[in-house]
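> Working from the sequences, and respecting the hints, build out all of it.
Okay, here's what each chain looks like letter by letter:
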Amino acid sequence: MRPSGVLTLLTDFGTQDPFVGVMKGVVLKQSARLSIVDLTHAIEPQHVGDAAFWLAHAFPWFPEGTVHVAVVDPGVGTARRAIAAQAGGHFFVAPDNGLLEVVARRTSDFEAREIDAEDLGLRPPSRTFHGRDLFAPVGALLASGTLAFDGVGPRATLLATTHVPEPVHAGRSARGAVVVVDRFGNLITNLSESGLFAASRARVSVLGHDLAVVGTFADVPPGTLAALVGSFGELEIFVRNGSAAAVLSAQRGTPVGVSW
Amino acid sequence: MRPSGVLTLLTDFGTQDPFVGVMKGVVLKQSARLSIVDLTHAIEPQHVGDAAFWLAHAFPWFPEGTVHVAVVDPGVGTARRAIAAQAGGHFFVAPDNGLLEVVARRTSDFEAREIDAEDLGLRPPSRTFHGRDLFAPVGALLASGTLAFDGVGPRATLLATTHVPEPVHAGRSARGAVVVVDRFGNLITNLSESGLFAASRARVSVLGHDLAVVGTFADVPPGTLAALVGSFGELEIFVRNGSAAAVLSAQRGTPVGVSW
Amino acid sequence: MRPSGVLTLLTDFGTQDPFVGVMKGVVLKQSARLSIVDLTHAIEPQHVGDAAFWLAHAFPWFPEGTVHVAVVDPGVGTARRAIAAQAGGHFFVAPDNGLLEVVARRTSDFEAREIDAEDLGLRPPSRTFHGRDLFAPVGALLASGTLAFDGVGPRATLLATTHVPEPVHAGRSARGAVVVVDRFGNLITNLSESGLFAASRARVSVLGHDLAVVGTFADVPPGTLAALVGSFGELEIFVRNGSAAAVLSAQRGTPVGVSW
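Taken in order, these protein sequences are the chains called A, B and C. 151 is the number that our numbering gives to position 151 of the first sequence; each next residue is one higher, with no gaps. 1059 is the number that our numbering gives to position 59 of the second sequence; each next residue is one higher, with no gaps. 2061 is the number that our numbering gives to position 61 of the third sequence; each next residue is one higher, with no gaps.
Incorrect hints may appear among the rest.
Stated by the list, open to error - Looking from chain A toward chain C, a few residues come up when the C-beta cut is under 8 Å (computed):
(1) Q16
(2) K29
(3) R132
Calculated from the structure, these hints are not laboratory results. Where is the CB? At the ideal position from N, CA and C, for every residue including glycine.
Here it is as structure tokens:
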């Protein structure tokens, strides 16, 4: 797979301090021609699940051969491994803590390698900022074509994690949960069964409410609570011009059922 | 007009979730060489007026041939039209909901076309994320030179809107309003009459206060309320080292008068 | 020194309004091929010290020949000078208000010149937005190779400032202070003596607490207050999975001692 020259960053570093800027400096020091795109740096600190969810949903929209560097890393400086992976026509670089679990689940050709920093000639990383010292440099080596995927290190199997749960099916119904709350307060669930949502009579249940599935936000009056199939394919619960999270006091993990 | 290779984005999507990152992926999938610049993604959700104001003030500072993609789109998924426009040496792509009203008002060569997604070979967009499925792709087609402006679709006239009002003149005075509050709490008005501000005796009235027009923030002591002509040419009301919005309890729509 | 084609921006303008986007437009108008990287735009308004600290820590991670444009500028529109500098293989453009004091202190080859806007053919800048009208244009001229450093203007000596204090040494101890609080609430100090931190018995005192120096965040249990040598070389005080700033009610200027 040829690198596209594009590298994305996904972290929980925020944008108040120049941590992300410094990572970009490191990338451009490797090759000043790379295009760097921020996915987000506002992942709730150390919340690997949100990062895993968004990474899996965002990557397919980039050119084939893009390198996605994701750093939400509560175990920085400990023995947790650093991983590079290849899947679905893209590269990924991340700590081995579940950040790649949704990408691995959703691709059929997922292949991981453990990063061998010493063998790659990287200087010993600090014990607190592997985004700068390990993940950005490896991402830049892959994105610039200086390092082939096979050269990253030995083959590896991801740590088994379940930050983002999967739903349970039973006949013409399924039980899932809210997995991410977006900035508008929309509740994004893990319910994305194909076929389900074609049924115009699908009903969604959440915290005692029984909701219809509509086509778009403007299909209901302002203030109304309803559900729709969101732009990434999952069932979402929303309040038009409002926050479903606030109205329902719902959050990650809130159970959601659907029947059709 | 030749595209400059630069494409700007202006949305109300925020930067918490990777919606903007995904739009950039779509743009770079069309051409990985484009330069993408964020104008802002912090427009108050669905506040078309603020977006219209800032778009008109920001675009002239970019290279001629830049494509400006603006998405504040309460009507996404409904029958509202999608528009591409050409004006003042720049391209614009936006929903037809008033987002381009200030650009249209301030340029003498404004020309709009309705985007015909099917004719452009775009796959049917989702009903909730036209930023990704319609506006970013069309912007990238224009910015990469793959699509000529004439090929966007049929000529169109913008929907008549007045999100950003115009002031009323009467002799040596004018009555306008606050149209945007910036992040420092400065109150930016719609008063920008040429000639007005040369008069050293101009006085500004707002919520019972009578203010002098000074040259720069540091011309008054800290904590002082005053007015100046801002860097984009409009009369602004400020508190040095403070927030005029907070001090005056002023907001969008607060009436402001000026006489000279 | 050859420009790298990379230009960074560091301001207190925030990202709510398109001020930073407009600066990027100005840069790209000079040369659409430049790569622009945000260090941060969330410097507390007018807090020159935080900007000076981060600029000095971030710049070495960029390719040699990068231009760093920094604008935290309470004196905009007054007689304060505008400066371009060359140091450590990088270029800097900033107001002469202390923003470059830490860079100057940490480099051995610091050389400054006063920007002569008229001589450079820049149009007279607004009195409130020199980021757009002066600093971004000069940065772009340097980054594109259009202007040589010697051509910026006459040699200049920086205004003497101490926004970021230096620690005081006494034998096997030193007294310093918190100089920056990062977004996680970690307290970054000005204590970075080489040799100090190799001593495994170093003890840190802050607000009556006596703390050990550990290797990384995960070396202590969640909720624990401790110290470590941060990724930029300074002693930092942290609470694992928490905010040391909140736990200690500490802030910029809080005294910190270390002995070993």
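> Would the stated hint for R132 (chain A) survive a check requiring a Cβ distance to chain C of less than 8 Å?
holds, 7 Å
> Have a go at the Q16 (chain A) hint: is there a Cβ in chain C nearer than 8 Å to its own Cβ?
It holds, given that the least Cβ distance between Q16 (chain A) and chain C is near 4 Å, below 8 Å.
> Can the hint on K29 (chain A) be confirmed by a CB-to-CB distance to chain C that is less than 8 Å?
Given a least distance of 5 Å, the restraint on K29 (chain A) holds.
In summary, the structure agrees with every hint in the numbered list given earlier.
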